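**Q** So the sequences go chain by chain: A and B. With positions in the first sequence counted from 1, the corresponding number in our numbering is that position plus 20. With positions in the second sequence counted from 1, the corresponding number in our numbering is that position plus 20.
Be aware that one or more of the hints could be misleading.
Where chains are identical, the list cannot tell them apart; a pair therefore holds if satisfied intra-copy or between any two copies.
[Said to hold, decoys possible] Subject to a maximum C-alpha distance of 27 Å in a straight line, what follows is the list of computed DSSO-like cross-link-like pairs (lysine-lysine):
| id | residue 1 | residue 2 |
| --- | --- | --- |
| 1 | K295 | K259 |
| 2 | K131 | K230 |
| 3 | K259 | K131 |
| 4 | K230 | K259 |
| 5 | K259 | K293 |
Hints were generated in silico from the structure; no laboratory data involved. All values reported here derive from a predicted model rather than from experimental measurement.
Protein chains: 2
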Amino acid sequence: LCRAANLIVREDAVGNLFARWVGSDPSLAAIGTGSHTDAIPFAGAYDGTVGVLGGLEAIRALQRAGFQPRRSIELLMFTSEEPTRFGIGCLGSRLLSGSLQAGRAKTLSDKEGQSLDHVRTAAGFTGTLDDVVLPEGYYEAFLELHVEQGPVLEARNIPVGVVTAIAAPASLRIWLDGEGGHAGTVLMPQRHDAFLAASEISLAVESVVKSTGAIDTVGTVGVCDVFPGAVNSIPSRVKIEIDVRDIDGARRDAVLRAIDEACGRVTERRGVKLKKEVLNADPPAHSGRRALNALNQSCERCGISPFPLPSRAYHDSLFMSRITEVGMLFVRCREGV
Amino acid sequence: LCRAANLIVREDAVGNLFARWVGSDPSLAAIGTGSHTDAIPFAGAYDGTVGVLGGLEAIRALQRAGFQPRRSIELLMFTSEEPTRFGIGCLGSRLLSGSLQAGRAKTLSDKEGQSLDHVRTAAGFTGTLDDVVLPEGYYEAFLELHVEQGPVLEARNIPVGVVTAIAAPASLRIWLDGEGGHAGTVLMPQRHDAFLAASEISLAVESVVKSTGAIDTVGTVGVCDVFPGAVNSIPSRVKIEIDVRDIDGARRDAVLRAIDEACGRVTERRGVKLKKEVLNADPPAHSGRRALNALNQSCERCGISPFPLPSRAYHDSLFMSRITEVGMLFVRCREGV
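Using the sequences plus the hints, can you model the full thing?
**A** This is the structure:
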């Protein structure tokens with residue numbers, strides 16, 4: 021499809037796909053657009069895909085209209101936005117924006133111990149991870165079209181929304197080590213139950229997040245693995261994973277500190293040991309002024325009054341914002357898919 | 021070993037093993053003793069086994085001393101006391117005491133869907149499950165020797181304890197159904213997080229159990245499975261399993277009612293649905309007066325002042341108590357194993 025539209029296609033060493041419509045002045049920084057085509061189960065047919073096909077269709081519509089761009093326009097299909105096989109999402113955009121260093125990326129391996137480097141070369145991608153990062157000034161701006169995945173546009177029956185900021189995501193993995201034992205024989209005062217500590221910490225996450233008073237602060241404990249996990253065994257070890265997001269980075273960090281304090285109180289009182297791993301704590305992204313203006317004007321030209329909203333999910337644009345001005349357009353979706 | 025001691029050995033249809041030293045009046049009900057030889061991981065070398073080998077050694081010691089019993093003495097090795105492959109422990113003693121009906125036992129299957137009937141016949145046990153139940157009056161009394169698995173005898177440095185009662189065990193499986201969603205996009209006030217409901221219920225179990233004020237009441241949430249179980253997904257469904265025990269059956273049942281009430285409050289407030297399954301809720305067993313007297317006298321004859329204590333773990337004797345008078349002797353063990 022890209023080649024049929026006279027786009028020049030290339031792939032980088034990790035599988036990001038670039039399709040460039042060369043402008044009349046190829047020396048200028050390009051305008052990028054695109055998204056991802058991988059998706060988690062039940063994400064629906066549009067997550068990511070609408071941004072890749074939408075970008076291609078935008079290019080083809082401009083071509084049909086006889087438009088001749090001065091700057092090159094480049095369609096991007098990012099690799100591994102959703103899959104967390106190597107522990108993190110947005111692998112492609114993290115690497116090409118330099119948010120993830122090639123050196124660190126080479127140390128990543130999956131659950132079976134296969135390294136990212138092994139997996140990508142086995143999949144036929146040549147070159148080295150060091151080559152993935154884009155040169156400075158490669159893009160003049162980056163725009164992403166995406167389904168909202170939230171309830172706002174659907175509830176208000178608005179077709180599109182202009183994203184003002186992308187929430188700052190952070191995720192933590194916490195190991196709690198207590199003392200196991202037989203559920204019948206260890207008396208209650210002698211217990212150091214790792215799962216009850218995890219329960220208190222999880223409820224503290226909710227309460228700390230709610231106490232900011234800001235609707236944009238969200239926090240979730242999505243993983244809780246209990247060992248040994250038998251009805252007649254006191255849990256000796258529990259792993260929980262916590263996700264905290266906010267469009268205000270400082271407020272997000274204050275929540276993380278309050279969670280730390282709650283962990284300290286709970287583990288001391290219950291005599292349980294804690295080990296914490298910060299999986300990621302990325303800063304938020306704010307949309308560029310020019311990108312916002314362009315998107316708002318486009319909405320008005322189509323007879324839609326521009327509707328601003330933040331993105332609480334994160335997207336490849338969060339990482340593209342490290343190297344260029346970004347803008348996102350959200351499309352209304354039914355029940356988030 | 022049993023045959024070498026002139027015992028008549030038979031196996032029943034589910035693998036319970038009987039070795040009888042025929043008394044001078046074989047028409048009288050026998051005295052039973054024994055335990056199990058299976059064990060959970062890390063249970064140590066003595067759990068159960070000490071009662072089987074100890075029973076055999078007691079018989080051999082009596083034989084060496086030239087004792088001639090009037091009643092037959094029968095050594096029992098119960099099948100599947102520990103394994104919960106079919107969802108319950110003490111499978112052998114439940115079946116032969118009629119605590120578990122053969123009809124119900126035939127409906128049991130393991131995680132792979134293999135029925136108990138299939139597994140036991142594949143293992144070479146003939147006859148039908150209906151034949152396992154013992155005829156009325158089969159035993160005059162049943163005595164079990166077992167390691168304590170608790171800290172009392174070790175802490176007080178007492179070699180043996182006479183068990184006065186076996187705690188009434190109950191276990192519940194609870195399914196909580198909330199609403200899933202993306203950890204970034206669903207705002208806090210709109211959430212129905214099944215894991216936070218599970219956390220509150222688990223803490224309520226602890227608080228209800230502690231509030232009885234009795235050291236003999238224990239309660240544990242040993243299983244918590246979270247679906248879908250991803251750091252960026254709000255838990256939509258959680259399964260927890262609760263174990264509650266007490267040597268006072270009425271107090272145990274009051275705890276179960278208080279847990280039900282807490283479940284009702286939590287699920288209503290959080291908008292989460294609950295499904296409860298009572299896996300078992302057995303009554304407690306109290307040791308027989310004659311068995312207690314015999315054990316106390318034996319202690320005194322050995323120069324040990326009799327030390328009474330309850331069993332908070334349950335044992336095959338709990339089910340044997342349904343058909344005959346029981347007594348248990350606990351042996352001191354280091355760190356419960």
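**Q** Now tell me, hint by hint, if it's right for this structure.
**A** A quick look at each hint next to the structure:
1. K295 - K259: both (10 Å within a copy, 25 Å between copies)
2. K131 - K230: For K131 and K230, neither the intra-copy (34 Å) nor the inter-copy (41 Å) Cα distance is at most 27 Å.
3. K259 - K131: both (16 Å within a copy, 25 Å between copies)
4. K230 - K259: For K230 and K259, the Cα distance is within 27 Å both inside one copy (23 Å) and across copies (25 Å).
5. K259 - K293: both (12 Å within a copy, 25 Å between copies)
The structure is inconsistent with hint 2 alone, although it conforms to all the rest.
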